[in-house]
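Undergrad: If you want the building blocks of each chain, they are given just below.
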Amino acid sequence: MLKLDLNPDLVLRARNAAKSITGSFSWLFEGYSSVTIERTVLRMMGLDGALPDDKPLPNVVVDHLQEKKALDQGAAIRLANAMLVKKMDAEQVARAIAEDNLDIAALEMASMDEIHALLDELSDKMLAHIRSQKAKREEFFGKYGPRRVPAIYVIVATGNIYEDAVQAKAAAAEGADIIAVIRSTAQSLLDYVPYGATTVGFGGTYATQENFKIMRAALDEVSEKEQRYISLTNYASGLCMPEISLMGAIERLDLMLNDAMYGILFRDINPRRTLLDQHFSRMINAYAGIEIQTGEDNYLTTSDAVEKAYTVTASQLLNEQFALLSGVKPEKMGLGHAYEVDPELENSFSYELSHALLTRTLFPDAPVKYMPPTKFASGNIFKTHLMDAMFNFVGQLTHQGVQLLGMMTEAIHTPHLADRSLAIENAKYIFKAVKDLDKSLMLAPDSFINKRANRVLAEACEFLERVEKEGMFESMARGDFADIKRPDSGGKGLNGVFARHEDYYNPFRNKMKKELGI
Amino acid sequence: MKDVIIRPYGDTSNDGKMQFSFTLPVSADEYGLEAARLLLKQIGLEDIEVCGMRDMNEGFTHFIAYAVTDKGVDPKDIKVKVVDTPVMDMEATDAYIKEHLGRQITVVGACIESDAHTVGIDAIMNMKGYSGRFGLERYKGFVAINMGAQVLSEDLLNKAREVNADAILVSQVVTQKNIHVKNLTRLIELAEAERLRDKMLFICGGPRISHELAIELGYDAGFGKGSYATDVGSYIAITLAARQNR
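Top line first, the protein sequences correspond to chains A and B. Counting from 1, position 430 in the first sequence corresponds to residue 430 in the working numbering; the numbering is continuous, with no gaps. Counting from 1, position 68 in the second sequence corresponds to residue 1068 in the working numbering; the numbering is continuous, with no gaps.
This is chain A alone, in the form it adopts within the complex:
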């Protein structure tokens, strides 16, 4: 059996440090909310749609409340009150606000009993729908059998959701288990979620509820044909993490890129905003049974994969602890890492094998997400195809949960149909060829691979203990994470964070927390 010999004391210390760091944010999670969290609440109450100028209705209401300085009790009470007093549905209220015919902050208040009764009704309805989608997914997996390990994950990125659907069906028929619809690069910094289907996106489509629905329907069709449940994933990242998670929960996405710190480090989104949003976003994912995935691969595309390997481990441990706080179970934590060691380095494969085993050993129950070579992928597609094969070899040998397939044209364009097909062929061949090889292999106790993994873990432990001592925001401000300085007061979206009033009310949060046992 191919097994690492990790120092258990180091594992415990590193995990405890991560737990202490993430545990120090209850002041934020319990004392604050954000505009996107409130928009999520409105969406959960059934508010959807957009104005003719494309402004989504949840933004209309939340902007209105923010402008009237009436958001601190949460948007739920205000909207419910307006619905009761004006005898309108949520959409009518939002449209009346947009037409300047209604100020819901200045309305007389209905009785709190009535308001709570309405909110109970609406939240029970939404949560029941989310549970039914979760049950449907479980039913499909029960009927068709579980996802393969490693699961074959490929992307589609035509910019037209209908064309994406055709390519996704082709990929699924060839063996893909998970389809990711690449999101338009510009979306992370939008403080709203666009409405409707995308047909002319650049470098991807927007994550919209309609796009989710179209793709899920296409994959349900191909799942039945293939007698294999094909999972769908998208990206709950940026300034609208919880809203996108909710749309995924409503439309039955199965996975969601949902990193606790990615937005801060790689998109310059305010640290408070990001941590707050991820907390609620992940709660929705946990409730919906959606597997979250994290973006540790990003640390290695900006830094050397050997020198900074510990940053991946440290981030995985932090992501794990933040996820636990939102009620995500270990078996739904697709913690990330990547095959990014310089191929010119002697024994690069041994480094990769060591790092991959480290992740698997630290998180034995997690369907870890293994990312392909990108940094050293070049215009030489033949070489890249070969590197992808080595990557697939490690993936099967160490039984990674999700293998995000490398494309030989990684450095050139969004994958052509044939690129994706060749990538799947590559993975299927290697996975089959070395299926049970790990059962025949053992690592020598003092081998390079064992020593290397312990060294990375020791570095991660040391780093986390330092962050624990100095505080995560202080460390981020100093540039200790990914060599990028991110002060607590900087970045985008801070003006969308507000302190909660003592009467703040979010029925969905309360009910989900209770059911998730957090």
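The set of hints was computed from the structure by calculation and includes no laboratory data. It is possible that part of the hints are untrue.
Lysine-lysine pairs mimicking DSSO-like chemistry, simulated, CA-CA at most 30 Å apart [as the list claims (entries may be wrong)]:
1) A/LYS308 <-> B/LYS1140
2) A/LYS492 <-> B/LYS1159
3) B/LYS1098 <-> A/LYS485
Dock chain B against chain A, hints included.
TA: Okay, now just chain B, sitting in the frame of chain A:
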């Protein structure tokens, strides 16, 4: 050798052998095979051998083929206009700036006008960079200000004036209906009107931008596909140093 026509080399001189890989929306059978063969024939190829055919489902088939072309390139016709300053890595560029300029270089960048795609400007300017090459933000020798997407030319020029920029970087990714040419021209015209054109380097970039096009539009340099922060950073450092010594 200079006047010898250049032809593809398979395994013998001038055999004209080329390798092809493409996808057609056809079935993977004799019918599809013939479609692939006819396509290559239409291109003007001979001795066509479709050696690989892979069914990719949903009505698509991938073909791999070898064929012979009788075409060749006359070396006299090859004219390239390229940025000809040497390319240094980040450390070398930082050292060069320290030695030759003795101060930091300020660069202001943006995707201007209608263009919302920051992928190009981010690849060059942001810390993370692209394909293992860090962006200018990471360089010690640069103060890199990335204004992001959909920045009006006026705002970009105002910012450049405010921070006394050494160089302006403009990215244009979208090229539908030649919108990139219109946007780039507008910026240069405004810069000239505001007497900023000669005060700083004007550099444009994007997948469909060439150095030749950039010069034609009145820019100092243009960087196309496959350009990295190392290319842009080296060019700026060397050009500014040369101008200072002039």
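Undergrad: Hint by hint, say whether it matches the structure.
TA: Tested hints:
Restraint check: the Cα-Cα separation between A/LYS308 and B/LYS1140 comes to about 20 Å, which is no more than 30 Å; the hinted pair holds. Taking the CA atoms of A/LYS492 and B/LYS1159, the gap is near 19 Å; set against the 30 Å cutoff, the hint holds. About 23 Å separates the Cα atoms of B/LYS1098 and A/LYS485, which keeps this hinted pair within 30 Å; it holds.
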